[in-house]
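K.L.:
So you can see what is in the structure, the chains are spelled out below.
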Amino acid sequence: MSVLGQAARTYLAAYTGYVTYLPGGVSPDQTGQGNTSQPYAVYQSISRQRQRTTSGAVVATTERVQVTVVGETRSSSQATANWIAAAITATPSRQTVGSLFIHSWRVEEESSSNEVYQDGSDESARIISIEIVGTYTE
Amino acid sequence: MAVVLPLGTTVTLTPATGTAITLNALSVTGTTRSVAMADVTALSDYILKKLPSRVDPGTVQFEVYLDDTATATNSLKTLRDWQATVTGSSIGYNSVTLSINFPGSTIDALVSYQGYIMEVTEPSVAVGDEALRFSVTIQVTAV
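Protein sequences, first through last, are from chains E and X. Read in order, the letters of the first sequence are residues 1 to 138 in our numbering. Read in order, the letters of the second sequence are residues 1001 to 1143 in our numbering.
This is chain E alone, in the form it adopts within the complex:
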């Protein structure tokens, strides 16, 4: 379960343009069965690292979460990925999202891929993955 991903979803859902850019919503791991609205996004935790004092108390947690945007066209998925990146970058510093206190977060790596016809699946998709790295205190 990605704590930062969940916070990002809460944040994006309240951000201007959510309905336009993410009609399919944001879901953990995979989108809901029967979801036909695209683009949609899913998130998954890649790694989580805790910083501790000598007493063992956790000072902060740094998490890397991958957000995968899936769209019917390259332009639509790219526009959504750009919108997510712009939304995260808009408030990069200290903030409270839900019950999570985020010290900082930023967008790092972005990669594109394409799922073509005749590969065994029933539809094609243009996929963009971006990674959000953030440090927070629970």
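Among the clues, some could well be false.
Unchecked claim - Here are a few chain X residues that face chain E, going by a calculated C-beta distance under 10 Å:
hint, residue
1, 1009
2, 1010
3, 1015
4, 1022
5, 1027
6, 1028
7, 1055
8, 1056
9, 1058
10, 1064
11, 1100
12, 1130
13, 1141
Stated by the list, open to error - Residues of chain X clear of chain E, computed beta-carbon distances all greater than 10 Å:
hint, residue
14, 1008
15, 1059
16, 1107
17, 1142
Derived from the structure by calculation, the hints contain no laboratory data. Note that the Cβ used here is the ideal one computed from N, Cα and C, for glycine as well.
With chain E's structure known, arrange chain X on it following the hints.
P.N.:
Relative to chain E, chain X alone:
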């Protein structure tokens, strides 16, 4: 009985004047306590003769993260004030005792240093995932 260290270890700093603080220590680098050797070789000796002389208690350094508290109660300011407080034309120093409280039941008070704060660094600020850190060096005067 062996214990696993150092998780569970707390570090406190007690000044000669003022109230003790518990440090948010990320690490403590212990001192190198050494003894200087005096050369007592006579001209007639064909082997160098040396005897232990003065003990050098060394320095101890610890790394802490920057507290997100008010300036007046922030440990960075407190440590700076203990290092040296300039009042008019005079400088006041405060001797401190650094105690490392191991989680063990028998060695909890094993390591304690008394001395003066000689160096307080300030956090390096950069885009990163790390807690803002600074380090403090104490010149040990008694162990």
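K.L.:
When the nearest CB of chain E is found for residue 1009 of chain X, is that gap smaller than 10 Å?
P.N.:
holds (4 Å)
K.L.:
When the nearest CB of chain E is found for residue 1027 of chain X, is that gap smaller than 10 Å?
P.N.:
holds (7 Å)
K.L.:
Hint check: is the beta carbon of residue 1064 of chain X less than 10 Å from a beta carbon of chain E?
P.N.:
Because about 8 Å separates residue 1064 of chain X from the closest Cβ in chain E, which is inside the 10 Å limit, the hint holds.
K.L.:
Is the nearest Cβ of chain E still more than 10 Å from the Cβ of residue 1059 of chain X?
P.N.:
holds (19 Å)
K.L.:
Given residue 1056 of chain X was flagged as interface, is its beta-carbon under 10 Å from a beta-carbon of chain E?
P.N.:
violated (26 Å)
K.L.:
Should the hint that residue 1055 of chain X touches chain E count as held when the rule is a Cβ pair under 10 Å?
P.N.:
violated (27 Å)
K.L.:
So, as I understand it, the hint says residue 1010 of chain X touches chain E; can you test that by seeing if any CB pair is closer than 10 Å?
P.N.:
holds (5 Å)
K.L.:
With a cut-off of 10 Å on the beta carbons, see whether residue 1100 of chain X makes it to chain E.
P.N.:
Given a least distance of 8 Å, the restraint on residue 1100 of chain X holds.
K.L.:
Go through the hint on residue 1015 of chain X and say holds or violated, using the shortest Cβ distance to chain E against 10 Å.
P.N.:
With Cβ-Cβ at 20 Å, over 10 Å, it is violated.
K.L.:
Hey, does the residue 1028 of chain X contact hint survive, CB to chain E under 10 Å?
P.N.:
holds (7 Å)
K.L.:
Go through the hint on residue 1141 of chain X and say holds or violated, using the shortest Cβ distance to chain E against 10 Å.
P.N.:
With a minimum Cβ separation of about 24 Å from chain E (threshold 10 Å), the hint on residue 1141 of chain X is violated.
K.L.:
Please verify that the nearest CB of chain E lies beyond 10 Å from residue 1142 of chain X's CB.
P.N.:
holds (23 Å)
The structure fails hints 3, 7, 8, 9, 13, 14 (numbered hints given earlier, in ascending order).
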